[in-house]
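Given the coordinates of chain D, work out where chain S should sit on it, guided by the hints.
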Amino acid sequence: MLESVVATSIFMVVMYGVYIIYDVGERNYISGSRKWDVQSQARVAIARMALEIRMAGYASPKLTDPIVIATKDTLAFHADVDGSGAKFITYSRRDCTGTMGTTLYRNVYDAATNARYCGGDAFVDNVNNLAFVYYELANVSIPYPLTSTYQLDSQAHTTGTGTFTAPAAGGLRDRVRQVTISLTVSETTGGKTFPFTISTDVALRNLLP
Amino acid sequence: MSTPHAGRRFPDRAALCRRARGFTILETLIASSIMVVALLGIAAVLPTADMSLHQSGQISKAVSLAQEMIEMIKNDPFTELPGYSGVDTRTTGTYPVDDPNPPIPGNPGNFMGGSNVTKWANDITLYLITGTGITGGYGTIGVTTVASDTGGNPVLRKVTVTVNWTDSGRPYLVRLATLASAI
Chain D
1 MLESVVATSI FMVVMYGVYI IYDVGERNYI SGSRKWDVQS QARVAIARMA
51 LEIRMAGYAS PKLTDPIVIA TKDTLAFHAD VDGSGAKFIT YSRRDCTGTM
101 GTTLYRNVYD AATNARYCGG DAFVDNVNNL AFVYYELANV SIPYPLTSTY
151 QLDSQAHTTG TGTFTAPAAG GLRDRVRQVT ISLTVSETTG GKTFPFTIST
201 DVALRNLLP
Chain S
1 MSTPHAGRRF PDRAALCRRA RGFTILETLI ASSIMVVALL GIAAVLPTAD
51 MSLHQSGQIS KAVSLAQEMI EMIKNDPFTE LPGYSGVDTR TTGTYPVDDP
101 NPPIPGNPGN FMGGSNVTKW ANDITLYLIT GTGITGGYGT IGVTTVASDT
151 GGNPVLRKVT VTVNWTDSGR PYLVRLATLA SAI
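Line by line, the protein sequences are chains D and S.
For the first sequence, the working numbering gives the first residue as 1, with consecutive numbering after it.
For the second sequence, the working numbering gives the first residue as 1, with consecutive numbering after it.
Hints in this document: simulated from the structure, not taken from any laboratory.
As the structure is a prediction and not an experimental result, all values here were calculated from the model.
Accuracy of the hints is not assured; some may be wrong.
[Claimed, not checked] Computed spacing ranges between beta-carbons, pair by pair:
# : chain 1 : residue 1 : chain 2 : residue 2 : range
1 : D       : 168       : S       : 77        : 23 to 29 Å
2 : S       : 31        : D       : 27        : 27 to 33 Å
3 : D       : 14        : S       : 55        : 32 to 38 Å
4 : S       : 55        : D       : 170       : 45 to 51 Å
[To be verified] BS3-like, lysine-lysine: derived pairs with alpha carbons at most 27 Å apart:
#  : chain 1 : residue 1 : chain 2 : residue 2
5  : D       : 87        : D       : 62
6  : D       : 35        : D       : 192
7  : D       : 87        : S       : 74
8  : S       : 74        : D       : 62
9  : S       : 158       : S       : 74
10 : D       : 72        : D       : 87
11 : S       : 74        : D       : 72
12 : S       : 119       : S       : 74
13 : S       : 119       : S       : 158
14 : S       : 119       : D       : 72
Beta carbons are placed, not taken as given, at the ideal position from N, Cα and C, and that holds for glycine.
Excised from the complex, chain D in its bound form (with noise of 0.2 Å):
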């Protein structure tokens, strides 16, 4: 009898060993698998936003227009980012009714379809922040100083069909030769919240001298 009892008690130890190894290993997998997913949009997104945020004013010939909306949480510029001509891209986290999500949105202006310069695609989910900070030439920061909130000459982000005013020469817009973004994406399961925040920069290759 005392054997079996202390075989068993032997037993169930290895047992309990045995469970907090797979416990670990599970809450390992599952925070590994969060990390994996919020890294891996979070550097997607960059990457596709500052490449072709990069070519603004790319076309032939030449845009006059290549940034067409500049706010601390929107941003829209024109250019010919495939080869198929000269489109206006929007990135923001405003739909278009003007509300603030979690979802950042990519909108592709064609001239065959509705004008729009909000909502589009749902490019990445679970952003908690999206920021565009602008610079002119030698990276002078637009307005200087910087302000909490901004709207280059005063142009909003647009809801529906809303459009803009067009950037004047020598304008706020028609001067943004840089410009930084700075993305967070986290994901929260069981409680516990995973975030991932990148920054870059981005000189606009098509504008500089």
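Same frame as chain D, now just chain S:
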């Protein structure tokens, strides 16, 4: 009388008892200990995947930060690039000087080298240095002349940007280089 195989057919009682008594507590404990050690070995492997993921995230951020400085330098006048040579974000004395300070918005002659490096240093601290055990995040910049014209004036410069940090006692760095042309 006796038969030649009597011992095999009818083993003595003592031998039977020895075979039937199973494992001793000592044997069981030793076996369990070996198993526990083996399980601990498996458990030690589990966090490495998480650590690798963390390090890949840090490297991604460092690449973005290095790219950030390269982009700022590309937006600067070619003639001002030597001001970045020898920059180490840990030593403010190595920072270039803004000229004029404050800048004149809209003036093409502005140079914001000092502000650029300060922003870069702050971003390295803000975005790279997150979590325990991560220390020593800093950046350095090197600028060298690659080619000059017949008059000895530089026309091509190489800019090397490095982001360094230490994670769990191990040093890491990401280094990007680009060429800047006077043309």
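Taking the hints in turn, this is what the structure says about them:
1. Distance hint check: the CB atoms of residue 168/D and residue 77/S are about 25 Å apart, consistent with the given range 23 to 29 Å.
2. The given range of 27 to 33 Å is respected by residue 31/S and residue 27/D, whose C-beta atoms sit roughly 29 Å from each other.
3. At roughly 34 Å, the beta carbons of residue 14/D and residue 55/S sit within the given window of 32 to 38 Å.
4. Taken as a hint, the range 45 to 51 Å holds for the pair residue 55/S and residue 170/D, whose Cβ atoms sit roughly 47 Å apart.
5. Note on residue 87/D and residue 62/D: the hinted pairing holds, with a Cα-Cα distance of about 13 Å set against a maximum of 27 Å.
6. Using a Cα cut-off of 27 Å, the hinted pair residue 35/D and residue 192/D holds, with the two alpha carbons roughly 11 Å apart.
7. The hinted pair formed by residue 87/D and residue 74/S meets the criterion: a straight-line CA distance of about 26 Å does not exceed 27 Å.
8. This hinted pair checks out: residue 74/S and residue 62/D have alpha carbons roughly 21 Å apart, not beyond 27 Å.
9. The hinted pair formed by residue 158/S and residue 74/S meets the criterion: a straight-line CA distance of about 11 Å does not exceed 27 Å.
10. A threshold of 27 Å between alpha carbons decides the hint, and for residue 72/D with residue 87/D the separation of about 22 Å falls inside it, so the pair holds.
11. Restraint check for residue 74/S and residue 72/D: the C-alpha separation of about 23 Å stays at or below 27 Å, so the hint holds.
12. For the hint linking residue 119/S to residue 74/S, the alpha-carbon distance of about 16 Å falls within 27 Å, and the restraint holds.
13. Straight-line distance between C-alpha atoms of residue 119/S and residue 158/S comes to about 22 Å, which keeps the hinted pair within the 27 Å bound.
14. Distance check on the hinted pair: residue 119/S and residue 72/D sit about 18 Å apart at the alpha-carbon level, within 27 Å; holds.
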